[in-house]
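A.B. asks: One-letter residues, chain by chain:
2 protein chains.
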Amino acid sequence: MATPQVEFGGQLPPKDASAGESFSRWYITAIRRSELADYFEPVGGTMVIRPYGFSLWENMQAGLDQRFKATGHKNAYFPLFVPESFLRREAKHVEGFAPEVAWVTNAGGEELQERLAIRPTSETIFGHFYSKWIQSWRDLPMLINQWANVVRWEKRTVFFLRTTEFLWQEGHTAHRTAEEAQEETMRMLGVYADFAETDLALPVVRGEKTAAERFAGADATYAIEALMPDGKALQSGTSHFLGQNFARAFDITFLDQDGERKLVWTTSWGMSTRILGGMLMAHGDDSGLILPPKVAPIQTVVIPIPARSDEHTSRVSDAVSRVIKELTAAGVRAEADWSDKRPGWKFNEWELKGVPLRVEIGPRDLATDHVTLVRRDTRDKEQVGLTAVAERAHQLLGEVQTSLFERARSFREANTHTVDDYERFKEVMQEQRGFIRAYWCGSAECEARIKEETRATIRVIPEDAEAEGPGVCICDGRPAPVRALFAQAY
Amino acid sequence: MATPQVEFGGQLPPKDASAGESFSRWYITAIRRSELADYFEPVGGTMVIRPYGFSLWENMQAGLDQRFKATGHKNAYFPLFVPESFLRREAKHVEGFAPEVAWVTNAGGEELQERLAIRPTSETIFGHFYSKWIQSWRDLPMLINQWANVVRWEKRTVFFLRTTEFLWQEGHTAHRTAEEAQEETMRMLGVYADFAETDLALPVVRGEKTAAERFAGADATYAIEALMPDGKALQSGTSHFLGQNFARAFDITFLDQDGERKLVWTTSWGMSTRILGGMLMAHGDDSGLILPPKVAPIQTVVIPIPARSDEHTSRVSDAVSRVIKELTAAGVRAEADWSDKRPGWKFNEWELKGVPLRVEIGPRDLATDHVTLVRRDTRDKEQVGLTAVAERAHQLLGEVQTSLFERARSFREANTHTVDDYERFKEVMQEQRGFIRAYWCGSAECEARIKEETRATIRVIPEDAEAEGPGVCICDGRPAPVRALFAQAY
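First to last, the sequence lines map onto chains A and B. Per the working numbering, residue 1 is the first one in the first sequence, and the count goes up by one each step. Per the working numbering, residue 1001 is the first one in the second sequence, and the count goes up by one each step.
No lab work stands behind these hints, which were simulated from the structure alone. Honestly, I wouldn't trust all of these hints.
[Stated by the list, open to error] In silico EDC-like pairs for lysine to aspartate or glutamate, Cα to Cα no more than 20 Å straight-line:
(1) Lys74/A - Glu1423/B
(2) Lys262/A - Glu326/A
(3) Lys132/A - Glu1035/B
(4) Lys74/A - Glu1431/B
(5) Lys69/A - Glu1035/B
Being a predicted model, the structure only gives us computed values, none of them experimental.
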């Protein structure tokens, strides 16, 4: 995604996903105007998450954290600084991460003897401590997660999708057997998929990455991939089976029940603020953001419509207070907008901010004890009796959540192409993009050639790929065991 | 506090607060053994907060966060990197913080043109954004908090009390008038005091710091100070009235209702993992930690006592499950210890970990439908009917919370000395330490001399100091408006 100039004020650029620059202008402007985030120009690549955006992230954190705890994980906090020698212990790991590292070389007024990386990820730090804490099979599995900031130096910046510093969670686990570690890897991939689909209304494809796209130091990497409105894929969460690579590098061993000392098997898995960006792109429209109710900071905004007489004004304000109270009691995150702006202006502002449901309360509706409810996604309006607002709002929020998911899924289905001819593959990638399901022989050469010629990479080998049976590689015609999922990617 | 060698295994060193080294050995060993935290030796000054310790911190965060939100603040997340030029904009600020900064000089494979500080605190970053976001009086007050890691380079390390990287929250607010900013400063000092006393059972003295102890860049600094068992004071939270210093440095202005452009008034306030250390020191005993129920990760541990027959064993395990269920339903954080260790060993372990209440369930008590409850603080035992466990546990947890606070307050009262003679002052500071209430003329010279000769600093001018009326300075005999509170400090 390009980083175009964005003007303040005036109309929001249309969400025209067919044109790259226009789409990114929409994305960046909508985020800025809705006060979700802001760039920090003095340090390229960094950003601030403003209160409205952070509240969204807090709701996302809560949904994930609850799932982590329900699967037996505990939170902890590990050091920010990774000594250079730690990174170097796992050869592929340092090769993958060294180019992106920010180094502390001077601290407390002195040059450091060994420079320190700001963690780009924490496998090495966890490895160090796991080798101290794990002694016997009784200490396994060790299941720890941390919520933290990490730094990977970036030249280009796109809100949430690509920033030098970002917030994430990283789970790191150690197990007695390869099977248990593999099970954990898949369990957390499932947690991510469930969270993305249930809470963020973001349909995802799960599957395994090819060797070329693997995490630096992993034996296998699995990911969830979402399709964005511009036809590009967004990798939205990864889960790695690390084999015994880090166990060997950090000497993480345990005394097994049979009296033998063995290396543990480890996993790691992470999801970041990146998926927040993906969710914004997926659901917005020309009027701004549309936030899925499950994570929206404000699920329902209540707008008082001005009345001409004092008596009516006080009736409106009583009704607003009452509705807020009932919504809150029903577990709906609701807020009234009492500012002195005009109602039309408020409608626009809260639509821009993506609040999924609006309640308008004015003297005309109140004359018959009614209020008006307006859905953000469809703009459907309905009149509801004053005493039924909370129940109906609750219902409508559920419907918005479902239909955002269904809409995104239909979009993905309409933009997933099954292709068996390489010329057609190139055509689709050039003209429409989207996901392409195509047979691939498994060779790195074909993978690289397709990437070079079409800018499409293999996002994953989907979980259910084998069901379809073998075919011939789209690139070199050799036998191919399964169809891979191709797309251009963020 | 010294950092002595700590052996693993064997007895916990006694909590002998009269001898500095023995006390710190107790503190460090209790933290390590209870698996709250561990040092990260490869980077001096840093530590890991392990799951048990982090769960404690999460409970503390929840208590604070709720209070922040109830007073109108919102959370956000600001960048980790502070350009050097930002730190330099406020002269006193850079002077105060520069010696402790860790600098990033190289990133993404290149030397940076301007080096970047890892935030030691974020007044300058907030200042930068506030100047963009605040345009009119309608944007005020701006009340934002962030939970973050910060770095201040330290040579010595003491778990939680003194570490290079630590976790904290920092609130930064901007106001229309000096009065409003001053009110906010005092409001948040009050929030800290209430949190420390109500949630952590840690009695504190509130008051203002002297000019010598002020935050770098503040017009006034207020603090809460707690007295530790070794007679030293721990500064446990600070709230700063920043006047217009940062508003000027970052050009934070607003258009007031009268049409004039004016500088805002700002505050900042922070509380860190340091207070977690203070809480541990205050309440523990020779057997280990004692955690205040309000923040204890596990409030009640249930220990099954082995039975000889299968029938009795199954009765015990049924009763344990039932008690856990009832405790959980009553809102008590409860856990059963099903491990195959001996009961006596379990008692020791959970006492070390500071769990405030223990339930023992064995065949003998069950014969009469009873179980045994044991308080961690007093070790009082009582038999309680099986159906009354949850109610009684709830009650006892409240009593433990109260009596921890009362015990700490009595200790503080017994160790607060009102002294009017400088020789006596020196004697007390050498032999007993504790707080000394003594008249001070207000001169920096007297303050420095007392510090040099007794290692005691003025912790605060207590809030209620004026009630007692004026006297004569303990140091130079000049008129002194109030008694200051002196102590040696962590």
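A.B. asks: Hints first: check each against the structure and report whether it holds.
C.D. replies: Here is what the structure says about each hint:
1. Only pairs whose Cα atoms come within 20 Å are accepted, and Lys74/A paired with Glu1423/B is rejected, the gap being roughly 54 Å.
2. Pair hint Lys262/A plus Glu326/A does not hold up; C-alpha atoms about 59 Å apart against a cutoff of 20 Å.
3. Only pairs whose Cα atoms come within 20 Å are accepted, and Lys132/A paired with Glu1035/B is accepted, the gap being roughly 12 Å.
4. Only pairs whose Cα atoms come within 20 Å are accepted, and Lys74/A paired with Glu1431/B is rejected, the gap being roughly 45 Å.
5. As the CA atoms of Lys69/A and Glu1035/B are separated by approximately 19 Å, the hinted pair is consistent with the 20 Å bound.
The structure does not agree with the numbered hints 1, 2, 4 stated previously, though it agrees with the rest.
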